[in-house]
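Protein chains in written order, with numbering that gives the first Met the number 0: chain A, 0 to 378; chain B, 0 to 313.
No lab work stands behind these hints: they were computed from the structure. Glycine included, each C-beta is placed from N, C-alpha and C at the ideal position. Be aware that a few hints might be false.
Computed beta-carbon distance windows for the label pairs [to be verified]:
1. A:S152 to B:L36: 39 to 45 Å
2. B:F225 to A:G121: 17 to 23 Å
3. A:E126 to B:W140: 57 to 63 Å
4. A:A128 to B:R175: 36 to 42 Å
5. A:S152 to B:R220: 51 to 57 Å
6. B:L167 to A:A128: 26 to 32 Å
7. A:A128 to B:A306: 51 to 57 Å
8. A:G121 to B:H129: 22 to 28 Å
9. B:W166 to A:V122: 55 to 61 Å
Looking from chain A toward chain B, a few residues come up when the C-beta cut is under 10 Å (computed) [stated by the list, open to error]:
10. G31
11. T71
12. S73
13. S74
14. G75
15. L78
16. K82
17. G86
18. Y90
19. K91
20. M96
21. F104
22. Y115
23. K118
24. E120
25. K167
List of simulated lysine to any residue pairs, SDA-like, C-alpha gap at most 25 Å [said to hold, decoys possible]:
26. B:K208 to A:P88
27. B:K208 to A:R156
28. B:K208 to A:R243
29. A:K118 to B:F107
30. A:K82 to A:F104
31. B:K205 to B:F107
32. A:K111 to B:L230
33. A:K147 to B:Y210
34. A:K147 to B:F107
35. A:K184 to B:L234
36. B:K205 to A:R243
37. A:K170 to B:R220
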Amino acid sequence: MSETTAQTEIRSPTDPESPPFLQIRNITKRFGAFVAVDNVSLDIHQGELFCLLGGSGSGKSTLLRMLSGFETPSSGQILIAGKDQAGVPPYKRDTNMMFQSYALFPHMTVEKNIAYGLKREGVPRAEIATRVTDMLSLVKLNGFAARKPNQLSGGQRQRVALARSLIKRPKLLLLDEPLGALDKKLREETQFELIKIQETLGVTFVVVTHDQEEAMTLSTRMGVMADGKLVQVGAPHEIYEYPRSRFVAEFIGSVNIFEGRIEQDGEDHAVIGSPDAGMGIYLSHGITGTLGQEVAVAVRPEKIRIGKSPMEDLPNTTQGTVDEVAYMGNLSVFHVRLETGKIISVSQSNLVRSPEDAITWGDRVTLGWDGAASVVVPS
Amino acid sequence: MTPPPLLAQGLQGFLNGARRIGLTGRGLVIAIPLVWLIVFFLIPFLVVGKLSLSEAAIALPPYSPLMEWIDGVLSIHLNFNNFLFLADDSLYLNAYVESAKIAAVSTFFTLLIAYPMAYMIARAPDHRRHLLLMLVVLPFWTSFLLRVYAWIGFLKGNGVINTLLIWLGITQEPLRMLQTDFAVYIGIVYTYLPFMILPLYATLVKLDKDYLEASADLGARPAMTFLTVTLPLSLPGVIAGCMLVFIPAVGEYVIPALLGGPDTLMIGRVLWNEFFANRDWPVASAVAIVMLVVLLVPIMVLRRAQAAEEGATP
Ligand SMILES: Nc1ncnc2c1ncn2[C@@H]1O[C@H](COP(=O)(O)OP(=O)(O)O)[C@@H](O)[C@H]1O
Ligand SMILES: [Mg+2]
Numbered sequence: 000m001s002e003t004t005a006q007t008e009i010r011s012p013t014d015p016e017s018p019p020f021l022q023i024r025n026i027t028k029r030f031g032a033f034v035a036v037d038n039v040s041l042d043i044h045q046g047e048l049f050c051l052l053g054g055s056g057s058g059k060s061t062l063l064r065m066l067s068g069f070e071t072p073s074s075g076q077i078l079i080a081g082k083d084q085a086g087v088p089p090y091k092r093d094t095n096m097m098f099q100s101y102a103l104f105p106h107m108t109v110e111k112n113i114a115y116g117l118k119r120e121g122v123p124r125a126e127i128a129t130r131v132t133d134m135l136s137l138v139k140l141n142g143f144a145a146r147k148p149n150q151l152s153g154g155q156r157q158r159v160a161l162a163r164s165l166i167k168r169p170k171l172l173l174l175d176e177p178l179g180a181l182d183k184k185l186r187e188e189t190q191f192e193l194i195k196i197q198e199t200l201g202v203t204f205v206v207v208t209h210d211q212e213e214a215m216t217l218s219t220r221m222g223v224m225a226d227g228k229l230v231q232v233g234a235p236h237e238i239y240e241y242p243r244s245r246f247v248a249e250f251i252g253s254v255n256i257f258e259g260r261i262e263q264d265g266e267d268h269a270v271i272g273s274p275d276a277g278m279g280i281y282l283s284h285g286i287t288g289t290l291g292q293e294v295a296v297a298v299r300p301e302k303i304r305i306g307k308s309p310m311e312d313l314p315n316t317t318q319g320t321v322d323e324v325a326y327m328g329n330l331s332v333f334h335v336r337l338e339t340g341k342i343i344s345v346s347q348s349n350l351v352r353s354p355e356d357a358i359t360w361g362d363r364v365t366l367g368w369d370g371a372a373s374v375v376v377p378s
Numbered sequence: 000m001t002p003p004p005l006l007a008q009g010l011q012g013f014l015n016g017a018r019r020i021g022l023t024g025r026g027l028v029i030a031i032p033l034v035w036l037i038v039f040f041l042i043p044f045l046v047v048g049k050l051s052l053s054e055a056a057i058a059l060p061p062y063s064p065l066m067e068w069i070d071g072v073l074s075i076h077l078n079f080n081n082f083l084f085l086a087d088d089s090l091y092l093n094a095y096v097e098s099a100k101i102a103a104v105s106t107f108f109t110l111l112i113a114y115p116m117a118y119m120i121a122r123a124p125d126h127r128r129h130l131l132l133m134l135v136v137l138p139f140w141t142s143f144l145l146r147v148y149a150w151i152g153f154l155k156g157n158g159v160i161n162t163l164l165i166w167l168g169i170t171q172e173p174l175r176m177l178q179t180d181f182a183v184y185i186g187i188v189y190t191y192l193p194f195m196i197l198p199l200y201a202t203l204v205k206l207d208k209d210y211l212e213a214s215a216d217l218g219a220r221p222a223m224t225f226l227t228v229t230l231p232l233s234l235p236g237v238i239a240g241c242m243l244v245f246i247p248a249v250g251e252y253v254i255p256a257l258l259g260g261p262d263t264l265m266i267g268r269v270l271w272n273e274f275f276a277n278r279d280w281p282v283a284s285a286v287a288i289v290m291l292v293v294l295l296v297p298i299m300v301l302r303r304a305q306a307a308e309e310g311a312t313p
């Protein structure tokens, strides 16, 4: 792997040259007339932690359930390690699933729950015992073996469910909202544990989540789903910085959108005339599109500079009045009303505890951003 | 809907009365079933208990009093001979054993038939499920006696089943089915089936589909999933259903009387004979008391086990 990719991607155990471990080809799932998953194609490589991100009802779980064999695709093909999975029942697949509800067997102890998969395989009893013990220490549950699920906290149950789904050493682990039932603080801690376990075992993870921060934190690559379609696939920073549609731009993080028309489109720059912004927005790169075409320009709040003095070094500047200030601790978010009436949100790190020239309500301010700060998406 | 004024007044009066003797809300809720049990269970039980300790007599009522007050002497006669007599005559022991056997076998077959039915109803789509449940309780709309009589029509020598068998050429002679233990089994299984289906259904319908999928996902075939997940999780329903069938089946009188033969020996019939044929009320009462005690033992053991189970998993 080259130096440059190692720099941009922090975790990248993937060898893009090898054939994909999981191949999803034109998968569609219909429930009656309703299309839950719409012509999805996706390749996932060995060792990836892939997140499927999407709103509620976007078809994430349905896609996952087709991978584990609980739903049959209406059309399309799923290959795991090159083998077509059509007609293979769940109990014969090399995948394991961690359920959103955890689905821990209430009548079995933690130990029995974790051992369940190995017992079905007919693994010798002594080996089961050592593997269960190992798994218990991996998920830090030593000493809980004899408890029943209803004697555990939410976080402990989550870890039992994870242990149970990992005990058979699946090549592919499917996790449906694995942290959904945990409170915020526990969820953030568990995210890092999950990553550590995934890296330790080298198992390919496909994680379903509706939480974009979680997807960003967890994944080596992610796919955004909407209305059953996979709308964009890429590394978290690609999806954040280069959303390919207005939907993705707005779904991931917050963003300012300016409607406009392409006025200039050169080799190394472009200008979008935007009545919204009351100016021509300058971009330091060429775009695809015809002159006059309607497009939208997306600018993230943290990429906009806010200040009281003019910003001659920036190609895009405009003025407005501060409508609202939200103090969030690590940063402040300003809502600035432009002369056109458009409200722009700008965030700024709070570098100093109480700056003397702090921007407050009603201040006249200048906003500015760089030519590389914005992206153009189809309107 | 407003209750008619008379009923409302009566209820109000009752509530006022209850309050006067120190009963309100919660207390009343507990008191009502308690009063019910005292009036309809405890008092009759004590009456029967008292009867079982008296002596048979040719009189009206046909037993001697327990206590006598003669010339300033209070004499209490506790006659345990009735119980000793039960132990003496093997007829009674046989009847108990036979009843328990018939009830146990019937319970087993009821369970065998009810489980798949309950399972299917619980897994059926919503709209169909309500219809199926309706069908399960539909027989209750006609008299139990009538339904047992209907079985006579099916089972007798020239009944529906025999006619069909002969017409199909499976047998030449009509099979003797009526007045056999076989007919009694059929009657009990048929009659008590809903009592088994309903508690089974209640536990199976609550069974989360995720458990079954988790089991399959971990490599269990459907049959294995049934044995390791479905069956253990539906055990409370199995136990409740078996109790609801076994207990009344032991004391069943009507079914063996109508469908059974002369050699079908069940404790209900013995009881009937003692009361009405022999007019030996004290022995009949002793039979009833022993039956109650015999049935109480398994119930207590079971409750103890359930309590222990719940205690272990709070
Ligand atoms: N068994 C089913 N029958 C009918 N509709 C279903 C079924 N399973 C899921 N759906 C529908 O498919 C859509 C996608 O569901 P799902 O994959 O669970 O979404 P999510 O992205 O929230 O996990 C939803 O609108 C849901 O109602
Ligand atoms: Mg879901």
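Hint check results:
Separation of S152 (chain A) from L36 (chain B) is about 42 Å and conforms to the stated range, judged on CB atoms against 39 to 45 Å. A beta carbon spacing of about 18 Å between F225 (chain B) and G121 (chain A) agrees with the range 17 to 23 Å that was offered as a hint. With their beta carbons about 59 Å apart, E126 (chain A) and W140 (chain B) fall inside the hinted range of 57 to 63 Å. Remark: the range hint 36 to 42 Å for A128 (chain A) to R175 (chain B) is contradicted by a beta-carbon distance near 59 Å.
Separation of S152 (chain A) from R220 (chain B) is about 33 Å and departs from the stated range, judged on CB atoms against 51 to 57 Å. A C-beta distance of roughly 59 Å is found between L167 (chain B) and A128 (chain A), which places it outside the suggested range of 26 to 32 Å. At roughly 32 Å, the beta carbons of A128 (chain A) and A306 (chain B) sit outside the given window of 51 to 57 Å. Remark: the range hint 22 to 28 Å for G121 (chain A) to H129 (chain B) is contradicted by a beta-carbon distance near 43 Å.
A C-beta distance of roughly 58 Å is found between W166 (chain B) and V122 (chain A), which places it inside the suggested range of 55 to 61 Å. The beta carbon of G31 (chain A) comes no nearer than 13 Å to any beta carbon in chain B, farther than 10 Å, and the hint placing it at the interface is violated. A hinted interface residue such as T71 (chain A) counts as satisfied when its beta carbon comes closer than 10 Å to some beta carbon of chain B; here the least separation is about 14 Å, so the hint is violated. The criterion of a C-beta within 10 Å of any C-beta in chain B is not met by S73 (chain A), whose closest approach is roughly 20 Å, and the hint is violated.
Interface restraint check: S74 (chain A) against chain B, minimum CB-CB distance 23 Å, threshold 10 Å, status violated. At its closest, the beta carbon of G75 (chain A) sits 21 Å from a beta carbon of chain B; the interface hint therefore is violated under the 10 Å criterion. Taking 10 Å as the C-beta cut-off, the interface hint given for L78 (chain A) is violated, the closest approach to chain B being about 19 Å. Taking 10 Å as the C-beta contact cut-off toward chain B, the hint placing K82 (chain A) at the interface is violated, the least distance being around 17 Å.
With 10 Å as the threshold, the beta carbon of G86 (chain A) stays out of range of chain B, its nearest partner Cβ sitting at about 15 Å, so the hint is violated. About 5 Å separates the beta-carbon of Y90 (chain A) from the nearest beta-carbon of chain B, less than 10 Å, and the hint is met. The closest approach between the C-beta of K91 (chain A) and any C-beta of chain B is roughly 8 Å, which is under the 10 Å cut-off, so the hint is satisfied. The beta carbon of M96 (chain A) is positioned within 10 Å of a beta carbon in chain B (closest approach about 5 Å), and the interface hint is therefore held.
A least Cβ separation of about 6 Å between F104 (chain A) and chain B falls short of the 10 Å threshold, and the interface hint therefore holds. Below 10 Å, beta-carbon pairs count as interface contacts, and Y115 (chain A) has one with chain B at about 5 Å; its hint therefore holds. For K118 (chain A), the interface hint holds, the least distance from its beta-carbon to any beta-carbon of chain B being 9 Å, beneath 10 Å. Restraint check, E120 (chain A) versus chain B: the minimum CB separation of about 6 Å is within 10 Å; hint holds.
For K167 (chain A), the suggested interface contact is upheld, since its CB lies about 7 Å from the closest CB of chain B, less than 10 Å. The straight-line distance between the Cα atoms of K208 (chain B) and P88 (chain A) is roughly 16 Å, inside the 25 Å bound, and the hint therefore holds. At most 25 Å may separate the alpha-carbon atoms for a hinted pair to count; K208 (chain B) and R156 (chain A) meet this at roughly 18 Å. The hinted pair formed by K208 (chain B) and R243 (chain A) fails the criterion: a straight-line CA distance of about 39 Å is larger than 25 Å.
At roughly 30 Å between alpha-carbon atoms, K118 (chain A) and F107 (chain B) are farther apart than 25 Å, so this suggested pair is violated. This hinted pair does not check out: K82 (chain A) and F104 (chain A) have alpha carbons roughly 31 Å apart, beyond 25 Å. For the suggested pair K205 (chain B) and F107 (chain B), the alpha carbons sit about 23 Å apart, so the restraint of at most 25 Å is met. A C-alpha spacing of about 16 Å is found between K111 (chain A) and L230 (chain B), which places the hinted pair at or below 25 Å, so the restraint holds.
Of the supplied pair hints, the one linking K147 (chain A) and Y210 (chain B) holds, its CA atoms being roughly 15 Å apart against a limit of 25 Å. Under the criterion of a C-alpha separation no larger than 25 Å, the hint pairing K147 (chain A) with F107 (chain B) is inconsistent with the structure, at around 31 Å. The suggested pairing of K184 (chain A) with L234 (chain B) is violated, with an alpha-carbon distance near 39 Å, which exceeds 25 Å. Using a Cα cut-off of 25 Å, the hinted pair K205 (chain B) and R243 (chain A) is violated, with the two alpha carbons roughly 45 Å apart.
Under the criterion of a C-alpha separation no larger than 25 Å, the hint pairing K170 (chain A) with R220 (chain B) is consistent with the structure, at around 20 Å.
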